[in-house]
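When you get a sec, could you build the whole thing from the sequences and use the hints?
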Amino acid sequence: MSPSPVIEVKNVFKSFKTVHAVRGVNLTIYPGQFVALLGPNGAGKTTLVEMIEGIQKPDSGEIRILGKPWKGHEKELRQVIGLSLQETRYIEKLTTFETLRLFGSFFGMGKERVEEVLQLVGLEEKRKAYTVNLSGGQRQRLALGIALINHPRILLLDEPTTGLDPNARREIWEILRSLRASSDTSMILTTHYMEEAEQLCEQIIIIDEGEILKEGTMKDLLGEDSSLKNLDDLFTALTGRRLHD
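Going by the working numbering, the sequence shown wraps up at 249, each residue one higher than the last.
A portion of the hints provided could be inaccurate.
Claimed, not checked - Subject to a maximum C-alpha distance of 25 Å in a straight line, what follows is the list of computed PhoX-like cross-link-like pairs (lysine-lysine):
(1) Lys218 x Lys14
(2) Lys115 x Lys130
(3) Lys61 x Lys21
(4) Lys130 x Lys75
(5) Lys14 x Lys115
(6) Lys75 x Lys61
(7) Lys218 x Lys233
(8) Lys97 x Lys132
(9) Lys233 x Lys223
(10) Lys72 x Lys61
(11) Lys75 x Lys14
(12) Lys14 x Lys72
(13) Lys21 x Lys75
(14) Lys61 x Lys79
(15) Lys115 x Lys97
(16) Lys97 x Lys130
(17) Lys115 x Lys132
(18) Lys115 x Lys79
Claimed, not checked - Okay, the calculated beta carbon distance ranges per label pair:
(19) Asn171 x Gly244: 30 to 38 Å
(20) Lys75 x Pro7: 18 to 26 Å
(21) Asn234 x Thr166: 16 to 24 Å
Worth flagging that the hints you see were computed from the coordinates, not collected in a lab. Ideal placement from N, C-alpha and C gives every residue a C-beta, glycine not left out.
Now the structure itself:
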C-alpha cells in the first residue's frame with residue numbers, strides 16, 4: 005500500500021491584478037520526499053509555496069496538507085510545518101539560544117529541543133551571540149533551526165541560500181542532507197541555483213510564468229539528449245531563456 009501524500013495541489017490558480025502568478029499547477033508530494041521548485045525570479049515559486057503554507061489563498065483549485073484543507077484546520081496544520089523564508093529578521097538583542105527558545109515556546113518545545121537544534125545547525129559556539137552579530141551564513145542556519153524546532157513533517161524553504169557565499173551555502177546543504185538521512189520530513193525547496201536542486205532533491209520541478217514546464221528526476225529531465233548537460237540547458241531548451249535571465 006503506497007503512503008498517503010503529505011501535500012496535494014490540484015489545478016491551482018493565483019493572480020495579482022494583471023499578473024498571473026500561478027496557472028493551473030498540480031503537485032503531489034509524499035513522506036520523506038525532497039522536491040525542488042526551480043525557476044527564475046518571478047516564475048511563481050514563492051507564490052505557490054505561500055499558498056501551500058497557508059499565507060495566500062488560491063483563486064481557484066485545491067490544496068490539501070496531510071489530506072486536509074487549510075480552512076478549518078489552520079491550528080493543526082501549522083504545528084506540522086516548518087518555514088524558512090527568503091529574508092528572516094530577528095530581535096537583535098536576543099541571543100541565538102534565546103531566539104530558538106522563543107520560537108520553540110510557540111510549539112511547547114523546551115530547552116532540550118533547543119540544544120538539539122543548536123547542534124543540528126552547528127551554532128553551539130554562537131549560543132550566547134546576539135543575532136545582530138551573526139554572519140549571513142550563521143543567520144541562515146538560525147533560520148533553518150527555527151524551521152526545524154517543531155520536528156516538522158513538512159519543511160518549506162524559500163531560496164534559503166540566496167546571497168550566501170559557496171561555503172555557507174554548502175553548510176546549509178549538509179544540514180539538509182543530515183535531516184533527510186535521519187527523518188521522513190518532506191521538503192519543498194525553491195531555488196534558482198541548479199546545483200542546489202541537483203544536490204538536495206530527487207524530484208525537480210521546473211516552473212516559469214506560473215506553469216510547470218517539466219518535472220521528474222535529473223535522469224528523467226535530461227533524458228538521452230546528449231546536448232543537455234544540466235538543468236540550465238534544459239530550461240533554455242524549454243523557454244529560449246536561461247534561468248538567471
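Do the hints match the structure? See the list:
1. Taking the CA atoms of Lys218 and Lys14, the gap is about 16 Å. The hint holds against a cut of 25 Å.
2. At most 25 Å may separate the alpha-carbon atoms for a hinted pair to count; Lys115 and Lys130 meet this at roughly 16 Å.
3. Annotation: proposed proximity of Lys61 to Lys21 holds, straight-line Cα distance about 15 Å (limit 25 Å).
4. Taken as a hint, the Lys130 and Lys75 pair is broken in the structure, with Cα atoms around 40 Å apart against an allowance of 25 Å.
5. Distance hint between Lys14 and Lys115 is unfulfilled; the C-alpha atoms sit about 40 Å from each other, more than 25 Å.
6. The hinted pair formed by Lys75 and Lys61 meets the criterion: a straight-line CA distance of about 10 Å does not exceed 25 Å.
7. With a CA separation close to 16 Å, the supplied pair Lys218 and Lys233 stays within the 25 Å bound.
8. Between Lys97 and Lys132 the alpha-carbon distance is near 11 Å, which keeps this suggested pair within the 25 Å criterion.
9. Taking the CA atoms of Lys233 and Lys223, the gap is about 11 Å. The hint holds against a cut of 25 Å.
10. Proposed proximity of Lys72 and Lys61 is supported: the alpha carbons are some 15 Å apart, at most 25 Å.
11. As the CA atoms of Lys75 and Lys14 are separated by approximately 16 Å, the hinted pair is consistent with the 25 Å bound.
12. Between the alpha carbons of Lys14 and Lys72 the distance comes to roughly 13 Å, so the proposed pair stays at or under 25 Å and holds.
13. At most 25 Å may separate the alpha-carbon atoms for a hinted pair to count; Lys21 and Lys75 meet this at roughly 24 Å.
14. At most 25 Å may separate the alpha-carbon atoms for a hinted pair to count; Lys61 and Lys79 meet this at roughly 16 Å.
15. Proposed proximity of Lys115 and Lys97 is supported: the alpha carbons are some 19 Å apart, at most 25 Å.
16. A C-alpha spacing of about 14 Å is found between Lys97 and Lys130, which places the hinted pair at or below 25 Å, so the restraint holds.
17. Between Lys115 and Lys132 the alpha-carbon distance is near 14 Å, which keeps this suggested pair within the 25 Å criterion.
18. A hinted pair counts as satisfied when its Cα atoms are at most 25 Å apart, and Lys115 with Lys79 qualifies at roughly 23 Å.
19. With their beta carbons about 34 Å apart, Asn171 and Gly244 fall inside the hinted range of 30 to 38 Å.
20. For the pair Lys75 and Pro7, the beta carbons lie near 24 Å from each other, so the given range of 18 to 26 Å is met.
21. Evaluation of the 16 to 24 Å hint for Asn234 and Thr166 yields a pass: the beta carbon distance comes to about 19 Å.
When held up to the earlier numbered hints, the structure conflicts with 4 and 5 and fits the remainder.
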